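Peer 1: These are the residues of each chain, in order.
There are 2 protein chains.
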Amino acid sequence: MDKVDARLTEIAHYLRVLILQSTTEAGSGHPTSSLSAVELMAGLMFGESAEGKPFFRFDPNDPKHPNNDRLIFSKGHASPLFYSLWAAAGQLSLNDMLTYRKLDSPLEGHPTPRFAFTEAATGSLGQGLGVGVGMALNAKYLDKLPYRTFVLLGDSEMTEGSQWEAVQIAAHYKLNNLVGILDVNRLGQRGETMYGHDIESYARRVEAFGWETILVQDGHDFQQVIPALTDALNAQKPLMIIARTFKGKGVPLMENLDDWHGKPLNAEQGKQALRELGHATADAPARLAEPERLQPAKSDPQKLEDPAYEAGGQEATRVAYGRALARLGAAHPELVVLDAEVSNSTMADIFRKKFPDRFFEMYVAEQNMVSTGLGLAVRGKLVFVSTFAAFLVRAYDQVRMARYSDANLKFCGSHAGVSIGEDGPSQMGLEDIAFFRTILDSVVLYPSDAMSTERLVEEAARHHGMVYLRTTRAKTPLLYDARETFPIGGCKVLRESSADRATLVAAGITLHEALKAADTLQKQGISVRVIDLYSVKPLDEETLRRAAKETGVIITVEDHAAQGGIGEAVLSAVAATPCLVHKLAVTRLPRSGTPRELLELENIDEKAVVRAVQGLVAS
Amino acid sequence: MDKVDARLTEIAHYLRVLILQSTTEAGSGHPTSSLSAVELMAGLMFGESAEGKPFFRFDPNDPKHPNNDRLIFSKGHASPLFYSLWAAAGQLSLNDMLTYRKLDSPLEGHPTPRFAFTEAATGSLGQGLGVGVGMALNAKYLDKLPYRTFVLLGDSEMTEGSQWEAVQIAAHYKLNNLVGILDVNRLGQRGETMYGHDIESYARRVEAFGWETILVQDGHDFQQVIPALTDALNAQKPLMIIARTFKGKGVPLMENLDDWHGKPLNAEQGKQALRELGHATADAPARLAEPERLQPAKSDPQKLEDPAYEAGGQEATRVAYGRALARLGAAHPELVVLDAEVSNSTMADIFRKKFPDRFFEMYVAEQNMVSTGLGLAVRGKLVFVSTFAAFLVRAYDQVRMARYSDANLKFCGSHAGVSIGEDGPSQMGLEDIAFFRTILDSVVLYPSDAMSTERLVEEAARHHGMVYLRTTRAKTPLLYDARETFPIGGCKVLRESSADRATLVAAGITLHEALKAADTLQKQGISVRVIDLYSVKPLDEETLRRAAKETGVIITVEDHAAQGGIGEAVLSAVAATPCLVHKLAVTRLPRSGTPRELLELENIDEKAVVRAVQGLVAS
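Chains A and U, in that order, are what the protein sequence lines are. Just so you know, we're using UniProt numbering here: the first sequence kicks off at 1 and counts up by one. Just so you know, we're using UniProt numbering here: the second sequence kicks off at 1 and counts up by one.
Mixed in with the good hints there might be a few duds.
Pairs count within a copy or across copies, as identical chains cannot be separated in the list.
What the hints assert, rightly or not - In silico lysine-lysine, DSSO-like type, Cα no more than 30 Å apart, as pairs:
1. Lys-64 / Lys-516
2. Lys-516 / Lys-607
3. Lys-607 / Lys-174
4. Lys-237 / Lys-144
5. Lys-475 / Lys-64
6. Lys-64 / Lys-549
7. Lys-303 / Lys-64
8. Lys-354 / Lys-263
9. Lys-523 / Lys-64
10. Lys-549 / Lys-53
No lab work stands behind these hints, which were simulated from the structure alone. Owing to the predicted nature of the structure, the values given are computational and were not obtained by experimental measurement.
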């Protein structure tokens with residue numbers, strides 16, 4: 001054993017001790033899944049090639065340095081190893097490690113950004129590689145920096161389709177700065193994985209998708225791990241190191257055994273295991289190699305132009321979305337747009353044509369699109385991802401997880417609702433408001449005309465956090481001019497009088513139905529208030545409560561399911577105000593038909609609104 | 001050209017004419033994506049091997065016959081071709097075809113079961129193969145029938161990760177009765193696909209995943225298509241025919257050209273195209289080969305045992321879920337359980353141990369699990385799919401689409417809410433009630449103790465449709481005995497008096513917090529009603545309205561986001577009843593901690609309920 005190996009072996013030993021100590025103290029966690037990757041990760045972070053070239057370069061005093069190498073634990077349950085690595089690097093004490101999984105500790109059960117060295121929250125399997133794709137795309141095409149992105153992958157999670165979305169897109173974009181490290185420890189949660197220890201079967205598939213692979217027959221032998229990492233320095237393509245390892249390695253009680261997934265040793269077992277492992281100390285923290293002090297390529301922002309639409313005209317909000325992106329693109333050099341092969345429908349195409357270098361075609365793979373968007377966002381980009389609202393559903397788990405990464409990420413779902421017409425229910429987004437509302441601190445915007453869309457895209461760009469924007473397929477009449485502002489959390493009262501006997505609350509396509517209904521009702525001598533609820537979350541509770549008080553009746557109209565949408569958002573807002581709230585929403589099985597027929601079928605068109613008001617305010 | 005070819009060529013010609021006529025009349029639809037697969041599908045449905053062996057056997061007078069071969073258009077936008085095929089088979093007239101995409105026509109923009117020959121609704125890409133896996137699993141392992149399942153796939157949709165989930169599991173289960181037919185027409189919606197016309201690149205990947213492949217260099221040449229289909233008769237593994245085709249084939253105006261995705265010809269262009277194609281008639285409907293008259297293997301149901309729990313004990317609802325499945329398994333020979341590699345957590349394992357032949361391990365691939373479940377359900381199985389509530393989010397698009405297939409499909413999401421504790425937010429299902437409530441006619445059940453769980457699993461099995469059951473990780477005290485019934489749409493009033501000053505509505509883990517709070521408040525002289533809302537959708541509006549009227553204040557308590565959950569369901573139910581509704585729900589960023597600490601952090605524990613009541617009913 002040469003000197004380098006001895007140092008790494010010592011570090012590996014120290015990592016094992018910390019993994020056991022922290023999980024035994026916590027009384028939960030995944031020691032076995034951590035132990036299998038000890039040598040792979042120790043070699044990566046603290047090893048170097050025979051020529052002295054480090055594999056991993058990172059300034060722990062500046063974790064956000066733009067040229068740090070990136071390390072993502074896609075198998076987030078191996079967090080005890082992740083934290084132990086940073087302890088070995090001198091960034092956590094043993095006492096810190098013993099706070100693992102405790103309420104006020106940043107060392108959560110699965111890594112989150114509460115711990116400074118976490119690049120992105122993981123723990124829902126099969127997402128880390130997609131995040132890595134975003135970081136690698138950023139290095140290669142946007143920031144033009146030499147940093148590399150490493151992703152530790154579990155073998156169980158390779159069955160997630162999202163992995164193969166990430167694998168294919170990495171090959172497509174020739175990301176030779178992306179390295180996957182696949183820890184094939186054979187055992188999943190419930191038993192053996194689909195391919196067991198057959199590392200060749202993984203290699204065949206990854207290579208068929210256009211990657212290089214390096215096989216490591218014994219992932220616990222530094223004599224094999226270091227050469228693999230050395231070879232990876234010269235990758236011409238995205239590269240995956242595929243290593244045969246053992247779950248629970250180093251602890252006979254659990255090594256390579258069933259029924260030890262996600263289970264810590266108890267205090268007694270822990271003591272025994274530590275005795276068997278022998279004493280370990282970190283005499284001095286292991287040093288990480290310094291990154292080069294390079295900064296991203298940057299271009300200067302230009303002045304933001306105002307949107308221009310002709311009064312009295314009409315335009316689809318999805319077109320305004322595309323135009324707004326193109327307009328904002330000049331003012332925000334960090335703005336990047338992703339789309340899932342439907343940019344000529346979401347109209348993100350308008351941005352692509354103007355800024356082709358900042359548009360990435362993500363093909364029909366929505367899950368990876370969102371993870372990649374997250375990776376770009378974490379690297380400082382202002383990212384908009386778009387597809388049909390109906391297909392964005394595909395990526396809701398990635399959306400959920402992006403929230404736990406504190407992501408600054410913008411989503412656009414187009415073709416919302418039954419009003420898309422003939423294409424039928426599979427293409428109709430009807431659950432999107434409900435889902436995005438559940439995301440903590442999310443913003444949900446739903447513009448009704450082109451001008452408000454343009455302004456709301458600006459607001460989305462300005463707001464740090466998760467923003468969802470819902471757009472409509474059909475053209476809608478222009479309601480606002482360029483002087484109007486649309487702050488997040490606001491609304492627009494479009495019809496109001498002291499004689500109002502009911503309030504109509506709507507957004508998007510149904511706002512226009514509500515306005516027509518209000519005009520019809522006015523002719524019948526019934527005044528109704530009309531509110532454009534362009535900001536569904538947060539919403540303008542004050543204005544809604546005032547309307548509740550003053551008119552006593554609120555009717556919500558939405559091209560969305562009756563649950564979790566505008567209706568229930570309004571109900572929540574006025575829950576403390578005595579008032580009758582009546583919901584009009586999509587409540588029949590949608591189908592193909594003309595937009596008008598479908599609005600009528602679902603009782604969310606002008607006539608249905610008129611009927612509802614007449615029924616409720618009948619003297 | 002031999003005689004068989006001439007007949008198929010004539011059919012192909014007829015299909016092209018119908019595709020153009022129907023889409024031109026509709027003024028929308030996807031003629032180009034239909035035209036590329038004309039020969040592949042005509043050959044499949046109406047062709048035979050040189051030895052006279054038909055490729056496809058189906059009794060059109062009995063579309064549900066258990067031994068019919070199955071044909072799924074995963075590229076659902078090619079519906080004009082799908083309907084034209086059935087027209088060629090004598091099942092639709094030209095007049096029927098001209099109703100395409102009209103409101104009262106069963107011929108929707110994307111196939112739905114409103115058309116009798118649709119196996120499952122498609123239109124969200126990348127789902128048909130997973131459905132096919134379910135049908136092929138059924139044939140091979142359950143019904144033990146020789147029918148085969150064919151799935152027409154688009155090249156664009158091969159980028160969906162869900163495809164690779166289906167591909168891998170088909171190989172794992174050795175489904176040599178499943179045939180994919182990949183229509184590589186080079187063009188996606190927005191332009192060229194990732195691999196263009198490189199059919200070898202698809203073959204490499206599909207083979208690496210363990211399938212056989214057959215390449216067809218010209219998918220419009222019956223001399224190539226028929227031999228490929230003949231070879232497919234002898235598949236030893238799942239098999240994919242990968243054919244190079246041209247989008248818009250046969251219509252010079254659109255053939256192999258950009259910007260013709262999803263666009264029909266206008267009336268003038270349509271006339272010209274039909275002139276160029278020349279006249280086509282179906283002198284006689286093309287005959288489909290008869291299926292063998294075989295019926296599924298069946299076993300007799302046994303009597304359903306009653307669940308047994310000791311009064312005063314406690315058990316986790318997830319354990320009761322597993323026990324209920326095992327109990328129902330004997331009474332329902334058609335009951336099948338799928339799980340995504342966490343059956344020892346969801347406790348579906350209890351069923352697996354008793355009925356290993358009716359349990360299918362779906363590995364960590366939730367999307368395909370749901371599609372496969374749908375395929376099994378369509379073939380008459382009573383299917384329960386389970387994973388963590390947090391990870392079921394991964395398959396929400398498949399859930400959404402299953403609804404449009406009128407599926408009889410049951411979902412169980414375990415480990416709901418922050419009360420799972422130390423594992424942290426990535427593992428906490430907090431959006432599930434909101435999402436499942438949006439699904440039209442869905443049933444959402446949320447039991448609080450083992451006994452009600454057992455009964456609700458029975459109810460779920462009895463109910464035809466989509467049912468979601470939410471279970472809890474922790475043990476909870478037993479509340480009910482075996483005599484109690486739990487009808488869907490009901491609730492249980494657990495505390496009630498004429499002096500009630502508020503009503504607590506809860507389910508699952510928080511019901512127990514509400515009960516403790518009620519007892520504490522009672523000691524302070526404040527009587528409150530407590531309702532176990534085990535049926536969140538539909539819910540017992542009458543009892544809730546009565547509580548609203550009688551107590552004036554409702555406090556909902558849920559381990560779920562504040563949007564779309566129990567709180568808003570109750571708000572909707574009492575929207576017409578003057579009453580103050582106050583929601584307690586998860587409103588802070590969740591993290592790792594003990595279950596008790598997290599319930600406290602989120603203000604959904606006993607103390608928070610007591611505080612809320614005190615604040616609201618203070619005289």
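Peer 1: Each hint should be assessed against the structure and marked as holding or not.
Peer 2: Against the structure, the hints come out as follows:
With identical chains, the CA atoms of Lys-64 and Lys-516 are never at most 30 Å apart, being 53 Å at best within one copy and 47 Å at best between copies. Taking the shortest Cα distances, Lys-516 and Lys-607 sit within 30 Å of each other inside one copy (9 Å), while across copies they are farther apart (49 Å). Taking the closest pair of Cα atoms, Lys-607 and Lys-174 never come within 30 Å of each other, the shortest separation being 55 Å inside a single copy and 56 Å across copies. In the homo-oligomer, the alpha carbons of Lys-237 and Lys-144 lie at most 30 Å apart inside one protomer (17 Å), although the nearest pairing across protomers, at 46 Å, exceeds that limit.
Neither within a single protomer nor between protomers do Lys-475 and Lys-64 lie at most 30 Å apart by alpha-carbon distance, with minima of 44 Å and 42 Å respectively. For the identical chains of this complex, Lys-64 and Lys-549 are neighbours neither inside a copy (50 Å) nor across copies (56 Å), given an alpha-carbon limit of 30 Å. Taking identical chains as interchangeable, the C-alpha atoms of Lys-303 and Lys-64 lie at most 30 Å apart only when both belong to the same chain, with a minimum of 28 Å there against 64 Å between chains. For a Cα distance limit of 30 Å, the shortest separation of Lys-354 from Lys-263 across copies, 25 Å, qualifies, whereas the shortest one inside one copy, 53 Å, does not.
For the homomeric pair Lys-523 and Lys-64, neither the shortest alpha-carbon distance inside one copy (62 Å) nor that between copies (55 Å) is at most 30 Å. For the identical chains of this complex, Lys-549 and Lys-53 are neighbours neither inside a copy (71 Å) nor across copies (75 Å), given an alpha-carbon limit of 30 Å.
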